[in-house]
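Assemble chain A onto chain R, guided by the hints.
Single-letter residue listing:
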Amino acid sequence: GAVVSQHPSWVICKSGTSVKIECRSLDFQATTMFWYRQFPKQSLMLMATSNEGSKATYEQGVEKDKFLINHASLTLSTLTVTSAHPEDSSFYICSAGGSLYEQYFGPGTRLTVT
Amino acid sequence: QKEVEQNSGPLSVPEGAIASLNCTYSDRGSQSFFWYRQYSGKSPELIMSIYSNGDKEDGRFTAQLNKASQYVSLLIRDSQPSDSATYLCAAGSLYNFNKFYFGSGTKLNVKP
Chain R
1 GAVVSQHPSW VICKSGTSVK IECRSLDFQA TTMFWYRQFP KQSLMLMATS
51 NEGSKATYEQ GVEKDKFLIN HASLTLSTLT VTSAHPEDSS FYICSAGGSL
101 YEQYFGPGTR LTVT
Chain A
1 QKEVEQNSGP LSVPEGAIAS LNCTYSDRGS QSFFWYRQYS GKSPELIMSI
51 YSNGDKEDGR FTAQLNKASQ YVSLLIRDSQ PSDSATYLCA AGSLYNFNKF
101 YFGSGTKLNV KP
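Same order as they appear, the protein sequences are chains R and A.
Sequential numbering of the first sequence, starting at 1, is according to my numbering.
Sequential numbering of the second sequence, starting at 1, is according to my numbering.
Simulated from the structure, these hints should not be mistaken for laboratory data.
Since the model is a prediction, treat every value here as computed from it, not as a measurement.
Virtual Cβ for every residue (Gly too), placed ideally from N, Cα, C.
Keep in mind that a hint or two might mislead.
Partner residues aside, some chain A positions facing chain R, computed with beta carbon under 10 Å [stated by the list, open to error]: (1) Gly41; (2) Ser52; (3) Asn53; (4) Gly54; (5) Phe61; (6) Asn66; (7) Gln70; (8) Tyr71; (9) Gln80; (10) Leu88; (11) Asn98; (12) Lys99; (13) Phe100; (14) Tyr101.
Looking at chain R on its own, in the form it has when it is part of the complex (with noise of 0.2 Å):
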């Protein structure tokens, strides 16, 4: 139990492009999902807090035109790159909340910036 997905789990795009990355909740609802970029070598660091129906909770210097997160159900979240730059490539992780506080981390989607 408790899985999550995502995808794509790696995407190269041109600079200027746009491009949205779904996490999926697959055996649980999540109320809550989180988004985390990660650069090598470094920790993970919190971009937003999404809650389904409402809008993401974002994280201080985290741009939310540049981010934009749509937690449309229980089971899905996405979150669009937009006007992606070099600087934004970097390994993205979701995450969903599961019913004692835990978080259930997706695979991750490696973004590749050209």
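Frame of chain R, contents of chain A only:
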């Protein structure tokens, strides 16, 4: 500033030994604590959760929590080379949508 601190390591132990990983946290409002294992290039995997003072054992893993000292630890018995990974400590607050504060992780190397 709510912080979770870990020694970055690397911590090297021989195969079969006990690995001891430590973590301190600053937010006294934290109620839940978690240990994640992250292999290089992969996402974190939940291995232990602990919510009350004392020890919690699961197989070769034992989590220890001391809220008075704001200290969490993870013991790995009979360490195996496959345990070599970065271990992340996380503290969660009940009052903030289950948001976690992650430590920077401790890299563990188990030598055959």
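Q | Violated hints - listed by number, lowest first | A | Violated hints (numbers, rising): 2, 3, 4, 5, 6, 7, 8, 9; every other hint is consistent with the structure.
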